[in-house]
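Engineer: Listed below, chain by chain, are the residues.
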Amino acid sequence: MSKLTREQVLKLAKLSQLTLTEEEIERLGKELSSILGYVERLNDVDVSSLKPTYQVSGLNNVMREDVVKEQQATPDVLLAGAPKTSERYIKVGRMI
Amino acid sequence: MAKTWDSVAIMADQVNSGKASALANVEKSLEIIAKKNPEFQAVITTVEKRAKKRAKEIDDKVKSGEKVGKLAGVPFIAKDNFLVFGAETTAGSNMLKGFNAPYQSTAVERLEAEGAICVAKSNLDAFGHGGSTKNSDFFVTKNPHDKTRVAGGSSGGSAAAVALEMAPFALGTDTGGSVRQPASFCGVVGYKPSYGLVSRSGVVAMASSTDTIGALAGSVSDTALVMDVMAGVDELDGTTIKRDDRSYADLGTSLKGKKIGVVKEHFDEGLDPAVEKTLRASIEKLEASGATVEEVSLPSLPLALAVYYIIVPAELSSNLSRHDGQRYNYSSDKAKDLAESYTLSRTTGFGDEAKRRIMMGTHVLSSGYYEAYYKKAQTVRTKLINEFKDIFIKYDFLVGPVSPTTAFKIDENEDPVQMYLQDIMTVAASLVGVPSISLPCGEADGLPVGMQLMADQKKDRELLSAAAAYEGAE
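These protein sequence lines map, in sequence, to chains A and B. When the first sequence is numbered by the working numbering, its final residue is 128 and no position is left out of the sequence of numbers. When the second sequence is numbered by the working numbering, its final residue is 475 and no position is left out of the sequence of numbers.
Since the hints were derived computationally from the structure, they do not count as laboratory data. Worth double-checking, as some hints may not be accurate.
From the structure, some residues in chain B lie toward chain A, with a derived Cβ separation under 10 Å [what the hints assert, rightly or not]:
{"id": "1", "residue": "Phe139"}
{"id": "2", "residue": "Val141"}
{"id": "3", "residue": "Ile311"}
{"id": "4", "residue": "Ser346"}
{"id": "5", "residue": "His364"}
{"id": "6", "residue": "Ala373"}
{"id": "7", "residue": "Lys376"}
{"id": "8", "residue": "Val435"}
{"id": "9", "residue": "Gln458"}
Each computed EDC-like pair below joins lysine to aspartate or glutamate, with the alpha-carbon atoms no more than 16 Å apart [unchecked claim]:
{"id": "10", "chain 1": "B", "residue 1": "Lys68", "chain 2": "B", "residue 2": "Glu115"}
{"id": "11", "chain 1": "A", "residue 1": "Lys83", "chain 2": "B", "residue 2": "Glu372"}
{"id": "12", "chain 1": "A", "residue 1": "Lys123", "chain 2": "B", "residue 2": "Asp338"}
{"id": "13", "chain 1": "A", "residue 1": "Lys101", "chain 2": "B", "residue 2": "Asp235"}
{"id": "14", "chain 1": "B", "residue 1": "Lys257", "chain 2": "B", "residue 2": "Glu463"}
{"id": "15", "chain 1": "B", "residue 1": "Lys286", "chain 2": "B", "residue 2": "Glu444"}
{"id": "16", "chain 1": "B", "residue 1": "Lys278", "chain 2": "B", "residue 2": "Glu444"}
{"id": "17", "chain 1": "B", "residue 1": "Lys356", "chain 2": "A", "residue 2": "Glu102"}
The beta carbon of each residue, even a glycine, is placed where N, CA and C say it ideally should be.
Please put together the full structure from these sequences, using the hints given.
Structural biologist: Structural data, given as structure tokens:
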């Protein structure tokens, strides 16, 4: 059974943009290992003759006319949801 | 005892003809919510002001001689992951607390265009992650049949609200069983359509390749009418499929000549004996109604849950990356720069289950594991799809349980894998994209049991017709 190491848990947290407490590192390590243990039953399934399915709508390259239409979501309304704005921009913290 | 609400069609007719008022309907719905919600916690918030305003507008239109629509003055409750004007859209999470809809979901827009009125937003497992509403960041919805038990999830608030008659119908979303399982636990009808039949524009995304919009109601005909209003191509959602010209509410009433397969694998392990007994009796009822019923096998079905718990975390980890503390109201105020703002906002805004699933999804998509997990799961998915295709050549419908048990106690299933096993009967229809309905089919130990019927992709009317025939059979 695959067991995630402490280093792996910390790496996943970093990739997920999360910080974990000591208790969470311990607990999530166990929980994720147990989920991975459950899904391991797929290992022995032979699917060498099959291709993966990424979506089931049966649609491909759905196109529409590139015309501007009036929408409920105007820039002002969309910006109103952001925590901080300045003029017509979302304002974020210092980057460097 | 008289039913609280007439059928949706009759209610709309009464409002359109001026015999009943939309405002009275809305007030009645809000009154029931006010009375029952403190005890059962099905609803996160009401949309009182806007609902009353819309009701008055509808009543005025009727007075001036205008016909309003198929759902004139009918109140409904939307799961709180639908963008609706007049209230916050939280998706049951702290991350979206205080977030007001910048536009409305297409589903709600279409219902409103026919005169329906959203009166409240219902509770859910945060972002739809769960089968109990225990993962809601706010509170747990109680089962209307037993307050010590869960209402199911993730659309648990919607299912409980319909069972409590807070409104004649409610909207839910179903990614792996989130409409069907709570419908089963609460004893109401829950419908998951073919993938793509209803637009997801304006609904908080979970897993894009299986997310669907469904309805919950007291009867199949009400459910079908609501689905009919919402169905069809929407240019705001490129995954929507062409609808039938004929109404999805134009239902047949006979099962004569239909072939129904009883899925053997559903009865193999973990099915509660009392649930099985009730279900077997219902399957006999299908047979007595003229259908041919035979046992069938879907050999890959026992793999569906493992496939699901790779694909869904992968997709949702990607969808939830947009919650970075910069765009949707919530942001940690303790961060000293942008990088820390991302991390702190996500760390404090997401609950345990969201974190668990994001990390799981990140793992199965990460370099070195992608082939072994994600690609493998998507390939086993193909195997499952092929098995369903083969079976639907011979059979019109498949039947089985919705959930291995009736509603469980609120303090049960604390372990994540135990909780995931709740979805074992429902995830296959989601992965394959076929329509599936949960129908009340009796009780086991005094609690409601749901029967699951599935049909081939795009056979939504046929499935609803079969469900109506079952419901009408004595």
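Engineer: Taking the hints in turn, state whether each one holds.
Structural biologist: Hint check:
no., hint, verdict
1, Phe139, "20 Å, violated"
2, Val141, "20 Å, violated"
3, Ile311, "6 Å, holds"
4, Ser346, "9 Å, holds"
5, His364, "6 Å, holds"
6, Ala373, "8 Å, holds"
7, Lys376, "6 Å, holds"
8, Val435, "9 Å, holds"
9, Gln458, "8 Å, holds"
10, Lys68(B) with Glu115(B), "10 Å, holds"
11, Lys83(A) with Glu372(B), "12 Å, holds"
12, Lys123(A) with Asp338(B), "12 Å, holds"
13, Lys101(A) with Asp235(B), "14 Å, holds"
14, Lys257(B) with Glu463(B), "13 Å, holds"
15, Lys286(B) with Glu444(B), "15 Å, holds"
16, Lys278(B) with Glu444(B), "10 Å, holds"
17, Lys356(B) with Glu102(A), "37 Å, violated"
In this structure, the hints that do not hold are numbers 1, 2 and 17, in rising order.
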